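Here the protein sequences line up with chains A and B, keeping their order.
Just so it is clear: in the first sequence, position 59 is 59 by the working numbering, and no numbers are missing.
Just so it is clear: in the second sequence, position 2 is 2 by the working numbering, and no numbers are missing.
Just so you know, these hints were derived from the structure itself, not from any lab.
None of these values were measured; they are calculated from a predicted model.
Keep in mind that the hints are not guaranteed to be accurate.
Stated by the list, open to error - Mimicking DSBU-like on lysine-lysine, the simulated pairs with C-alpha atoms at most 30 Å apart in a straight line are:
no.	chain 1	residue 1	chain 2	residue 2
1	A	47	A	17
2	A	122	B	116
3	B	84	A	181
4	A	41	A	14
5	B	90	B	71
6	A	41	A	17
7	A	122	A	171
8	B	84	B	36
9	B	71	B	36
10	A	115	B	116
11	A	189	A	171
12	B	71	A	115
13	B	84	A	115
14	A	122	A	189
15	B	90	A	122
16	A	25	A	47
17	B	88	B	71
18	B	88	A	122
19	B	36	B	88
20	A	189	B	88
21	B	90	B	36
22	A	122	A	41
23	B	71	A	189
24	B	116	B	90
25	B	88	A	171
26	A	181	A	171
27	B	71	B	84
28	A	189	B	116
29	B	90	A	171
30	B	116	B	71
31	B	116	A	171
Unchecked claim - To give an idea of the chain B side of the interface with chain A (calculated C-beta under 7 Å), a few residues:
no.	residue
32	16
33	56
34	83
35	87
36	101
37	105
38	110
39	112
40	116
From the three backbone atoms N, C-alpha and C, an ideal C-beta is built for every residue, glycine too.
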Amino acid sequence: MRLMLGARIQSFRKQNKLSQAELAKRVGISASYLNLIEHDKRAVAGKLLSDIARQLGLRADQLSRGITTDMIERLQQTARRFASEGAFQPAELSQIEQFVTHFPGWAHLLDEQIKAHEAGEKLNELLSDRMSHDPVLAETLHIMLSNITAIRSTSELLTLQGAMADEQRAKFTRNIFQESKRLSATAEKLLLHFDSKISLTEPEATTSPPVSDVTKAEAQPNLPASVRNDETFHHVRQVITAARVMETHKHHQFDPFAIAAYFELSPRLTFYRLSELEPHEMLPAFGLLEIDNASGVLYRKEIGALRLPSRSGACPRWPIYRALSSPGHPVMMRMHINSGEFVNAFAIAESDERRHIHLPPLTKAVMIYTEMTAPRPDSYVPSVNVGFHCSICARTNCGDRRETYALLSEG
Amino acid sequence: MVRICVIEDEPNIIEAMRYLFESEGWDVVVVSDGAKAVAAVHEIRPSLIVLDYMLPNQSGLAVARELRENKETEGLPILMLSAKGQHKDKEQAQLAGINLFMTKPFANSELLDNVKQLLAADDT
């Protein structure tokens, strides 16, 4: 970040009616050296800068005024962008140094505005990214905008349209009332959604296992304690490596149940291990969800288009719920999700019966899944239309719906 | 006579649009299911389509693409309404052959102006 002082020194020198030779002599340097300084070919700082400033009747900080190469580049970049859109005269691009020299205060102000605008754009991108990755938020906002559209159009008709039959007027008034009720109900849902997100960042409860997401970099420490501390899992890690899975793919075709059987390991730990592996040319990425018999989410790793619940509740058609109802029985399903993609899912549940007699057995179901292209018509594995959560699922003809699609809900 | 096909699934928006268009003396036909929209358009033969972006069973974009692929409907003016107003959504709509993209919520006067503009352009 170099200070661009040359043009300012030259400008103030001329204002003071000093020649290069005269100023150079006063500060004890050669005229040619001052010439290099004025053309920003030599840097100037410290005592020399103070001396030059003093000779020009200024303090060093007044001379520099913080004009840096970064600042000039930022201004130039913005000017170029506007010039390409026809909102700035390209001829003025070359006058940037004159501008910052003569109007350093204005240049700073403009630079600060550009920086604030860039920060705003970044935030906008982040929020937009969050929206596209948060199906509940995106759907809820869509519903709210639909409510607002209905209210705005209808109220405009009531206020701006001329004569209207009483019956029609009453109908429109009812519609506005209905839409307003829906809007407030949806806003409340949105608030709850944010509340649940916020609570995930609070300190972990000591009585319940934490919900954890996994990323490539922190795969190991985020696994649930029941897996992380299981000695067998260390053995599973040694046995199942990406290389071995790929070498032996003819025996299992990357079917997680077949992989567990081939290596003679528990399906649950095999699923967890597969979800840790880095995808490779042949080796697909595996997503994973584990829940308990109260449908609470114990662990989730999302991949692709399938969205996993963060706390509880998903589509009752998901194979993980079928597995939960029949511990020990493997369940396979091709999930045809709302966005049109297919997901190959494998689920199994384990039940711990050895608990206190008054306690229900603790059952945990785990589902591993991969993305896939459309299933072959001769496939023996059923393909089932599934959603995410009823309130944001548009499959209107679904017999398993437990909650109305919020967009169609009656007030 | 001008016939507008409104492909939209939100009943109260439909009712407001129907009133607005009928006040102009236009015939209005409504389709609420994305999967049935293309067949309905072939039957209705509208002067213009007002198409919602998000529809049950088939998206508005998919409907537009299908209409553009068919010789009989490839030139039909389509105005898309959407709660999604991001640049990429508008770009996708343009690629699907949408003539005009409007974000929700909108002013009735703006909707009417745009519909009239598209109808006039189609007439020339």
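Outcome of the hint check:
no., hint, verdict
1, 47/A <-> 17/A, "23 Å, holds"
2, 122/A <-> 116/B, "38 Å, violated"
3, 84/B <-> 181/A, "22 Å, holds"
4, 41/A <-> 14/A, "19 Å, holds"
5, 90/B <-> 71/B, "24 Å, holds"
6, 41/A <-> 17/A, "23 Å, holds"
7, 122/A <-> 171/A, "45 Å, violated"
8, 84/B <-> 36/B, "23 Å, holds"
9, 71/B <-> 36/B, "18 Å, holds"
10, 115/A <-> 116/B, "42 Å, violated"
11, 189/A <-> 171/A, "27 Å, holds"
12, 71/B <-> 115/A, "51 Å, violated"
13, 84/B <-> 115/A, "28 Å, holds"
14, 122/A <-> 189/A, "28 Å, holds"
15, 90/B <-> 122/A, "20 Å, holds"
16, 25/A <-> 47/A, "15 Å, holds"
17, 88/B <-> 71/B, "27 Å, holds"
18, 88/B <-> 122/A, "16 Å, holds"
19, 36/B <-> 88/B, "26 Å, holds"
20, 189/A <-> 88/B, "27 Å, holds"
21, 90/B <-> 36/B, "24 Å, holds"
22, 122/A <-> 41/A, "35 Å, violated"
23, 71/B <-> 189/A, "45 Å, violated"
24, 116/B <-> 90/B, "21 Å, holds"
25, 88/B <-> 171/A, "37 Å, violated"
26, 181/A <-> 171/A, "15 Å, holds"
27, 71/B <-> 84/B, "29 Å, holds"
28, 189/A <-> 116/B, "39 Å, violated"
29, 90/B <-> 171/A, "34 Å, violated"
30, 116/B <-> 71/B, "24 Å, holds"
31, 116/B <-> 171/A, "27 Å, holds"
32, 16, "4 Å, holds"
33, 56, "5 Å, holds"
34, 83, "4 Å, holds"
35, 87, "9 Å, violated"
36, 101, "15 Å, violated"
37, 105, "4 Å, holds"
38, 110, "10 Å, violated"
39, 112, "11 Å, violated"
40, 116, "17 Å, violated"
The structure fails hints 2, 7, 10, 12, 22, 23, 25, 28, 29, 35, 36, 38, 39 and 40 (numbered hints given earlier, in ascending order).
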